[in-house]
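Chemist: Spelled out, the chains give:
Protein chains: 4
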Amino acid sequence: MAGNSFGQLFRLTTFGESHGKALGGVIDGCPAGLELDLELIQKDLDRRKPGQSAIVTQRKEPDTVEFYSGLFEGKTTGTPIGFAIHNTNQKSHDYSHIKDSYRPSHADYVYDQKYGFRDYRGGGRSSARETASRVVAGAIAKQFLGDMRINAFVSQVGELKLDKPYQELDFSNIESNAVRCPDTEMAQKMEDYIKAIKKEGDTIGGVVTCVIQNVPIGLGEPVFDKLHARLGEAMLSINAVKGFEYGSGFAGVAMKGSQHNDAYNSDGTTQTNRSGGVQGGISNGMDIYFNVAFKPVATVLQAYDTINKEGEKVTTQGKGRHDPCVVPRAVPIVEAMAALVLADFTLLARTNKI
Amino acid sequence: MAGNSFGQLFRLTTFGESHGKALGGVIDGCPAGLELDLELIQKDLDRRKPGQSAIVTQRKEPDTVEFYSGLFEGKTTGTPIGFAIHNTNQKSHDYSHIKDSYRPSHADYVYDQKYGFRDYRGGGRSSARETASRVVAGAIAKQFLGDMRINAFVSQVGELKLDKPYQELDFSNIESNAVRCPDTEMAQKMEDYIKAIKKEGDTIGGVVTCVIQNVPIGLGEPVFDKLHARLGEAMLSINAVKGFEYGSGFAGVAMKGSQHNDAYNSDGTTQTNRSGGVQGGISNGMDIYFNVAFKPVATVLQAYDTINKEGEKVTTQGKGRHDPCVVPRAVPIVEAMAALVLADFTLLARTNKI
Amino acid sequence: MAGNSFGQLFRLTTFGESHGKALGGVIDGCPAGLELDLELIQKDLDRRKPGQSAIVTQRKEPDTVEFYSGLFEGKTTGTPIGFAIHNTNQKSHDYSHIKDSYRPSHADYVYDQKYGFRDYRGGGRSSARETASRVVAGAIAKQFLGDMRINAFVSQVGELKLDKPYQELDFSNIESNAVRCPDTEMAQKMEDYIKAIKKEGDTIGGVVTCVIQNVPIGLGEPVFDKLHARLGEAMLSINAVKGFEYGSGFAGVAMKGSQHNDAYNSDGTTQTNRSGGVQGGISNGMDIYFNVAFKPVATVLQAYDTINKEGEKVTTQGKGRHDPCVVPRAVPIVEAMAALVLADFTLLARTNKI
Amino acid sequence: MAGNSFGQLFRLTTFGESHGKALGGVIDGCPAGLELDLELIQKDLDRRKPGQSAIVTQRKEPDTVEFYSGLFEGKTTGTPIGFAIHNTNQKSHDYSHIKDSYRPSHADYVYDQKYGFRDYRGGGRSSARETASRVVAGAIAKQFLGDMRINAFVSQVGELKLDKPYQELDFSNIESNAVRCPDTEMAQKMEDYIKAIKKEGDTIGGVVTCVIQNVPIGLGEPVFDKLHARLGEAMLSINAVKGFEYGSGFAGVAMKGSQHNDAYNSDGTTQTNRSGGVQGGISNGMDIYFNVAFKPVATVLQAYDTINKEGEKVTTQGKGRHDPCVVPRAVPIVEAMAALVLADFTLLARTNKI
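Residue numbers (my numbering), protein chains in the order written: chain S, 3 to 356; chain D, 3 to 356; chain F, 3 to 356; chain L, 3 to 356.
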């Protein structure tokens, strides 16, 4: 299990390097009979793709997905869905500044150590370009999930933090601005800030919040495969993620049990949902909500000191077209991973009772 | 994959309910030839067991582990290690306050919904008593890991937060106090606070920090099975955990890339280790450190309103012997889960190169 | 995945050596709400246990199973079912003839080579005693399978071969004789033959045939997890098995397509069922039938030459209480493994369609 | 685990239907640093491809593999190897004879029943065309296996059976004739027979024998993942396979233990190797050999009766370009699956000892 598959029953396996011929994947276990809207899939890919706005990387990659199998007359057949996204932008780059030296806070060094050598063209397999395949699979999972609604959005950029509870936000605003923050005023501040950071040749971190609504009761499997444990794993597997919290999260630590406990309504819903829609690892039908922390992108367009393969100090100039802040493009990736987790547990939940 | 196994190559499967005959598990994949110090295993169990101090639950459970297989003449044989911890404290309790009503922020309701009924004696399978089996397996994994050092400790209780960097702490103090905080002054404050909370019949949350030292380079598998993603999943699978962050974590969000990046020394180590010992999902040889957030225990010894199976409001009095704060006993569990993740990736790393 | 688990959704993990404290296992994924008849489980164990007749080993092992978890008020709870069978017959044996030499056609040599040493008390983990745990799990799987009927029986011992098609046999005769052959006349011949073999201190091979009736259409997953591929794997994992064939099997090789093809009836059943109830890896609703070949037991009660750890020739006298022919006791094991495969695919089939 | 992956550490996932855009797969877990000879891969594909001789189907498919990832400067990188084989022969066929009726002994009926509908263009996913992806992966596995030698060949066609022990055969003859039988005299008889069968519009079954040499001691994992159990599963997952036997196989049933047991030489090898190179599920260093039984191809070019979706009798004329006997083209598939099993266990064996 070399680490390139996710999910047990609704399972995605991905392949591809940032500068190879193609990336893609295989979705195994998607049930038969699902009418697929291919435009919705491409739409999610477009939300992730470079060049979509002034605050993301200006690389040109159309990211068009081609399906090879598993679909027939517009529906899934129950057989594996193979797909590829061809890299159209494979012109011979100059990698000399990467090939023999290690970029700080990148995976260059550990890949060389682990595998004995590496594909040094861009990040190779460690590039976030791999997440395009996740978005394809997640967009299919979303369609499988039917009424469940997954909305991710940017809730923090640097110190700029959206402090309203999600219930007061209008999710229909998310796609109306380049940052993908549902509060348009805050969105403008964040956008301005990212532009300023970009001008410095620097980068900044952020937080993506995700809210999942209309979740049926009973998803998640005790004890190791708790719903939130798998959500956490899924989010932490996204490039640049440093933390995950759900429900009351780290703030819940300072509360007393008598304050924190969610009192029941007579229909089994709760009044406060500090639990974040998950109890004992199993969905309780309330909204699931969680935060995902992204560090600042490691590639800065400034001069920096580092070492080469011989351990000698070298000074390098960061270059290329990179994201000053990763969270606007991370929004569809967070949604995709959440959808994959939910699809997997939805299938698994069919096996709980005789 | 019903969720009761953890790990791929060094794999633990657990069984058992809080009030059944026995809990236990099977460790499959522990390599042959490991000389096991059984006392070290029992010692970790003793760090988790109830009744060990005035600030934990006063239930009496000796938690003695019995090994059934996989050991011969003091060494592991490479065959599965089966073990059980018999419940000695199975006297007929009065469960009437649990049987027909749902305790807030417990798993009672979702188990009934998911499975159609539940073992209502205590928490059944959702009880943290299950983690005793994890501690057994983790203690074996620790011995397999040789020189790697895993130290977990309590870094926060309610608002009381240990703000020193871990490098300034003396880990040898951890076991010298009931809270398991390496700063003895802070430990005393935390202990006093927990006692006060207990007197109120209330509970409080906390944070466990874990530091792993002497980690070889190369553990962790791109892209889904990143080392920190599996650590996060492992921690989030522990009862009452609401959040996980590693390295710079949520605080890293507000930093710029130029500040956050870890500059290399000539030997491949880094000067700042904001990465938390993991780069691109692969250990880089630096210390791994992470925080785990625990919510306040849901069982409060106060009167509370809730609903019964018919959805009618009922008022109940919390009773029994419960932990006012879970983090002191959670320390060995966090270590155990970390050890299981590392053992698994240690074996997997043997397969990376031809 | 060290090899001691079987199944994906209905999953058995076993532990235990022939002469350890206990063997047992964990069944994970058995759906909740199944009323378990514990006597049926013990009854299958009794069909496997030593000492049940004059033609099997005369060792005394009561093989009583103790359940630790996963059951509540007579029903499965959906949580893992942990169980153990304690070895009551652990008296200090004399292993000197095994400890330092390798019994021919046993696993002694390969265990030493693979693991560096071995538990030399009896066969250790390689002993067929491990299959007792499979019988427990299989007996639970059978109850889960409801109307499906699994009947295994002995169809060959040495050259004595039952050549009737299974449709002409009365399965209710199977348990009426010590050999477990449904043709009572042939059963007597086989019994006499096994007794003669035993008198020589020798052993003999045999074939177990298994017929599964009332199978729903749709079990089995293309392309690698074909129903018959998993049945084959299951059977080949039983000690002493050398071959597996289903439907027309090896005899089908010599047929022409025009003869071999199964013509359809108007209700989708077929007229000939040479396919053996499986088409393209998926059950077609017809009877599944297959043969399992068992080699003669390797332990003969005669003098034989072999080598010791130093590679020196030694002459040894086979001793102990062993089966002259393994197939009578293998019948419930074949059934158990078939039940585990079917239970797993039954759960998996719930996920095929949206 | 929807059934389209094979292997645990060296893992192949395949996708693709017989008449879709492309088939292909992802190989995850192939260790880094393996210099790949791409011509050897294409050569194995050519051994499987249609149109290679007068006795196989005359369809025209070049079966050229395109690699998308996982290779860099001629070596594997340790990241997933994605590949595709584009279908060049996708002209609009006439499927009316298949679309609404069920071909006998094909998977048409069960796919419709299992999934609710099916891709009726040819066999869809149930077509043996899927095995092209296995051959690609197997050819890579072979190169990973280094000195191990896997030779499969045709040992029986209809009643024509090669009765010599494999030690008397010259494997270098295998590729010298269209049947892939190493005995040139028998090969000629088989070829003539297949031609005669083809003239009748009929088909015939056969047996492929496989011999694996230079196997290290210690491959295979007790108890469920025995080496021969996984080999059996692998072979039974190939289209049209009805049986598997290794070592003495079904013939061993009639032997006495005293005859069947393999006496040791002083170096740990055995004198007779009736065990077939596997003892207790673990390779013992001797040659592994096994037989795989293939039924006659179900598509006959004759008129036949069958039913349509409404269960009405219809008479159909078989047409198209099909194999009169599948075994010559099955030889590289058997080798590929054997290579995948061995590669997986080779990696797993690295984790057996501390």
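Everything labelled a hint here was simulated from the structure, so no lab data went into it.
Any given hint could be a false lead.
Copies of the same chain look alike in the list, so a pair counts if it works inside one copy or between any two.
What the hints assert, rightly or not - EDC-like mimics (lysine to aspartate or glutamate), calculated; alpha carbons at most 20 Å apart, straight line:
1) K197 with E177
2) K23 with E68
3) K355 with D269
4) K101 with D172
5) K201 with D172
6) K311 with E170
7) K355 with D149
8) K23 with E75
9) K321 with D307
10) K201 with E170
11) K23 with D65
12) K23 with E187
13) K163 with E41
14) K321 with E202
15) K201 with E41
16) K62 with D149
17) K355 with D165
18) K23 with D165
19) K315 with E68
20) K191 with D172
21) K62 with E161
22) K355 with E187
23) K321 with D149
24) K101 with E75
25) K45 with E63
26) K23 with E193
Chemist: All hints are to be evaluated individually against the structure, with a verdict given for each.
Modeler: Results for each hint:
1. K197 with E177: within (18 Å within a copy, 50 Å between copies)
2. K23 with E68: both (13 Å within a copy, 10 Å between copies)
3. K355 with D269: Result: close neither inside a copy nor across copies, 22 Å intra and 31 Å inter.
4. K101 with D172: neither (46 Å within a copy, 41 Å between copies)
5. K201 with D172: neither (31 Å within a copy, 44 Å between copies)
6. K311 with E170: neither (52 Å within a copy, 32 Å between copies)
7. K355 with D149: Only across copies: K355 and D149 sit 17 Å apart there, 23 Å inside one copy, limit 20 Å.
8. K23 with E75: Answer is between; shortest inter-copy Cα gap is 14 Å, intra-copy 28 Å.
9. K321 with D307: within (14 Å within a copy, 61 Å between copies)
10. K201 with E170: So K201 and E170 fail the 20 Å test inside a copy (33 Å) and across (38 Å) alike.
11. K23 with D65: both (12 Å within a copy, 19 Å between copies)
12. K23 with E187: neither (42 Å within a copy, 48 Å between copies)
13. K163 with E41: Neither. Shortest intra-copy (33 Å) and inter-copy (50 Å) distances fail the 20 Å Cα cut-off.
14. K321 with E202: Answer is within: at 13 Å inside a copy they meet the 20 Å cutoff, but 60 Å across does not.
15. K201 with E41: Neither, since 35 Å and 50 Å both go past 20 Å.
16. K62 with D149: neither (34 Å within a copy, 46 Å between copies)
17. K355 with D165: neither (41 Å within a copy, 42 Å between copies)
18. K23 with D165: Neither: 43 Å inside a copy, 49 Å across copies.
19. K315 with E68: neither (44 Å within a copy, 40 Å between copies)
20. K191 with D172: Within one copy only: 17 Å inside a chain, 44 Å across chains, cut-off 20 Å.
21. K62 with E161: Answer is neither; intra-copy 30 Å and inter-copy 48 Å both fail.
22. K355 with E187: neither (49 Å within a copy, 45 Å between copies)
23. K321 with D149: Classified as neither; 44 Å inside a copy, 40 Å across copies.
24. K101 with E75: So K101 and E75 pass the 20 Å test across copies only (13 Å; inside, 46 Å).
25. K45 with E63: within (14 Å within a copy, 35 Å between copies)
26. K23 with E193: Classified as neither; 34 Å inside a copy, 43 Å across copies.
When the structure is compared with the earlier hints, violations turn up for hints 3, 4, 5, 6, 10, 12, 13, 15, 16, 17, 18, 19, 21, 22, 23 and 26 and for no others.
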